[in-house]
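*Asks:* The primary structure of each chain is shown beneath.
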Amino acid sequence: MSADKNTALIERYVAGQLSEPEAEAFEAYCVENPDFARRVEFEQRLKAGLAQVARGNTAEFVRSHNPVRWKIAAAAGVVLALGTAFYAFYHSASLPGHAIMAAVTTESQHTGAMLRLALVRGADSSATLAPGIVRVEIVGLFDPAAHYNVELECLKKKQNIKTLATLEGQHPTSPVTLEVMIDSERLSSGTYSLQIRKQGSDEEPLDFPFQKD
Amino acid sequence: MDFVPGGELSRRIREGDVSAESELIRQFEPGLRVLLRRRTGGDHGLLQDLVQETLLVVLQRLRGIGIDDPHKLAAFAAQTARNLAIASLRKAERQKTDVDSEATDRNPDSGQSIDGKTADLEAALAVRALLRELPQPRDRLMLKRFYLDDDDKEIICRELDLTEAAFNQALSRARRRFRQILEERGFSKRDLLSLI
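Residue numbers (our numbering), protein chains in the order written: chain F, 1 to 213; chain Y, 1 to 196.
Note that these hints are calculated values from the structure, not bench results.
Note that this is a predicted model, so its numbers are computed, not measured.
Heads up, the beta-carbon is just placed ideally off N, CA and C, and yes, glycines get one too.
Be aware that one or more of the hints could be misleading.
Between beta-carbon pairs, the in silico distance windows are [what the hints assert, rightly or not]:
hint, chain 1, residue 1, chain 2, residue 2, range
1, Y, PRO135, F, GLY190, 15 to 25 angstroms
2, F, MET114, Y, LYS72, 52 to 62 angstroms
3, Y, GLU93, F, SER19, 33 to 43 angstroms
4, F, PRO209, Y, VAL57, 39 to 49 angstroms
5, Y, ARG176, F, ASP183, 47 to 57 angstroms
6, Y, ARG176, F, GLU20, 45 to 55 angstroms
7, Y, ASP68, F, THR166, 17 to 27 angstroms
8, Y, ILE65, F, PRO209, 44 to 54 angstroms
9, Y, GLU164, F, PRO209, 32 to 42 angstroms
10, Y, PRO137, F, SER19, 33 to 43 angstroms
11, Y, GLU164, F, GLY16, 36 to 46 angstroms
Simulated pairs of lysine-lysine, BS3-like, Cα-Cα distance not exceeding 30 angstroms [as the list claims (entries may be wrong)]:
hint, chain 1, residue 1, chain 2, residue 2
12, Y, LYS91, F, LYS5
13, Y, LYS72, Y, LYS91
14, F, LYS198, Y, LYS153
15, F, LYS162, F, LYS212
16, F, LYS162, F, LYS198
17, F, LYS198, F, LYS212
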């Protein structure tokens with residue numbers, strides 16, 4: 001297929017001008033050809049980005065800057081900076097000095113109690129942590145080459161979410177599993193959450209709630 | 001990027017080869033994102049969830065009973081993604097109906113459901129940077145009419161007094177620059193704040 005034909009086909013797909021069978025064939029080709037798919041995705045994102053900007057103000061398309069907006073942005077910047085400073089102070093002051101959570105380092109840790117946490121959309125109940133030292137297996141989609149930060153948060157009081165422990169630089173054990181050890185005895189009854197953040201990435205953290213009875 | 005055929009990937013995953021699982025994710029994720037982006041109406045969070053769910057379903061299937069024709073692994077993954085997207089849409093419609101019986105009459109692809117939390121903010125930032133850089137107001141208007149108003153190229157060219165070659169060149173330049181901005185991810189704090 002020539003480059004021009006490819007471009008025309010991508011334009012028609014993104015504009016929603018292909019019939020359903022044509023679109024499905026196009027999509028199957030995308031799944032098999034990641035480089036081609038990336039081209040299509042850029043086109044989709046360009047269209048979506050334009051739509052999003054236009055929803056704010058279509059004047060964006062006919063002028064290049066707006067001084068009033070920059071003043072608002074500067075004010076928002078001050079608020080954001082103060083908020084960030086407060087957040088950093090609060091969290092550094094609240095970290096406990098003893099280990100509630102640790103990395104999985106030995107094979108023998110695989111023999112004890114285990115809790116599996118997975119993102120199940122629409123699930124009504126969350127998993128319960130057993131007493132003692134528990135290996136927590138977090139099921140998600142992980143990049144084996146990346147490092148992840150794992151934060152244990154207490155959600156007992158909704159107004160006051162508290163970070164109890166942080167593990168930095170954790171490696172997933174497989175593309176779909178990341179493991180940590182939690183000492184259940186050090187946690188009181190309530191709702192907790194493990195937040196998984198990919199280091200050096202602005203992706204939203206993954207959030208895995210669980211209960212301690 | 002080296003392409004690994006579906007049959008080989010299926011076999012290696014069945015045999016417990018973790019690197020084959022990474023390979024599958026790397027190979028299929030871009031295409032699944034394309035397919036699901038079209039079906040999630042601009043909801044970036046839902047898109048990410050569904051891509052993850054699709055890959056997990058495919059991996060679990062391959063680790064377990066496998067698929068009938070391993071050579072059609074990509075088609076299987078694409079169909080799994082479509083099924084999950086349909087199920088998700090049905091579930092969302094049911095939830096809307098619970099609280100608002102007229103909700104099912106609305107068009108799920110209208111784009112009205114997009115909010116700041118779920119939209120592709122990175123793309124919006126890149127577009128904003130791109131619009132600032134475009135030297136001619138005509139180029140900005142051209143992008144708006146082509147992508148947002150879905151006007152035909154010929155009509156745009158006629159009304160903006162452009163040749164087709166000039167139109168294609170400007171469009172290709174804009175695409176290239178948009179991609180470059182996204183890849184560099186060189187957003188300043190000023191850019192981020194401009195979306196607040």
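*Asks:* Each hint needs a verdict: does it hold in this structure or not?
*Replies:* Results of checking the hints against the structure:
1. About 58 angstroms separates the C-beta atoms of PRO135/Y and GLY190/F, a value inconsistent with the hinted range of 15 to 25 angstroms.
2. A beta carbon spacing of about 36 angstroms between MET114/F and LYS72/Y contradicts the range 52 to 62 angstroms that was offered as a hint.
3. The hinted window of 33 to 43 angstroms between GLU93/Y and SER19/F is violated, with their beta carbons roughly 24 angstroms apart.
4. In this structure, PRO209/F and VAL57/Y break the distance hint of 39 to 49 angstroms, their C-beta atoms being roughly 22 angstroms apart.
5. Separation of ARG176/Y from ASP183/F is about 53 angstroms and conforms to the stated range, judged on CB atoms against 47 to 57 angstroms.
6. Range check, ARG176/Y to GLU20/F: about 31 angstroms between beta-carbon atoms, so the 45 to 55 angstroms window is missed.
7. In this structure the hint that ASP68/Y and THR166/F lie 17 to 27 angstroms apart at CB is violated, the actual value being about 46 angstroms.
8. About 31 angstroms separates the C-beta atoms of ILE65/Y and PRO209/F, a value inconsistent with the hinted range of 44 to 54 angstroms.
9. Between GLU164/Y and PRO209/F the beta carbons are some 55 angstroms apart, a value that contradicts the proposed interval 32 to 42 angstroms.
10. A hinted range of 33 to 43 angstroms for the beta carbons of PRO137/Y and SER19/F is consistent with their spacing of about 36 angstroms.
11. Checking the proposed 36 to 46 angstroms range against GLU164/Y and GLY16/F shows it is violated: the Cβ atoms sit about 22 angstroms from each other.
12. Our distance criterion of 30 angstroms between C-alpha atoms is broken by LYS91/Y and LYS5/F, whose separation comes to about 38 angstroms.
13. The suggested pairing of LYS72/Y with LYS91/Y holds, with an alpha-carbon distance near 29 angstroms, which does not exceed 30 angstroms.
14. Distance hint between LYS198/F and LYS153/Y is unfulfilled; the C-alpha atoms sit about 42 angstroms from each other, more than 30 angstroms.
15. Under the criterion of a C-alpha separation no larger than 30 angstroms, the hint pairing LYS162/F with LYS212/F is consistent with the structure, at around 15 angstroms.
16. Between the alpha carbons of LYS162/F and LYS198/F the distance comes to roughly 20 angstroms, so the proposed pair stays at or under 30 angstroms and holds.
17. Between LYS198/F and LYS212/F, the direct Cα distance comes to roughly 26 angstroms. Compliance with the 30 angstroms bound is thereby established for this hinted pair.
This entry does not satisfy hints 1, 2, 3, 4, 6, 7, 8, 9, 11, 12 and 14, going by the numbered hints stated previously.
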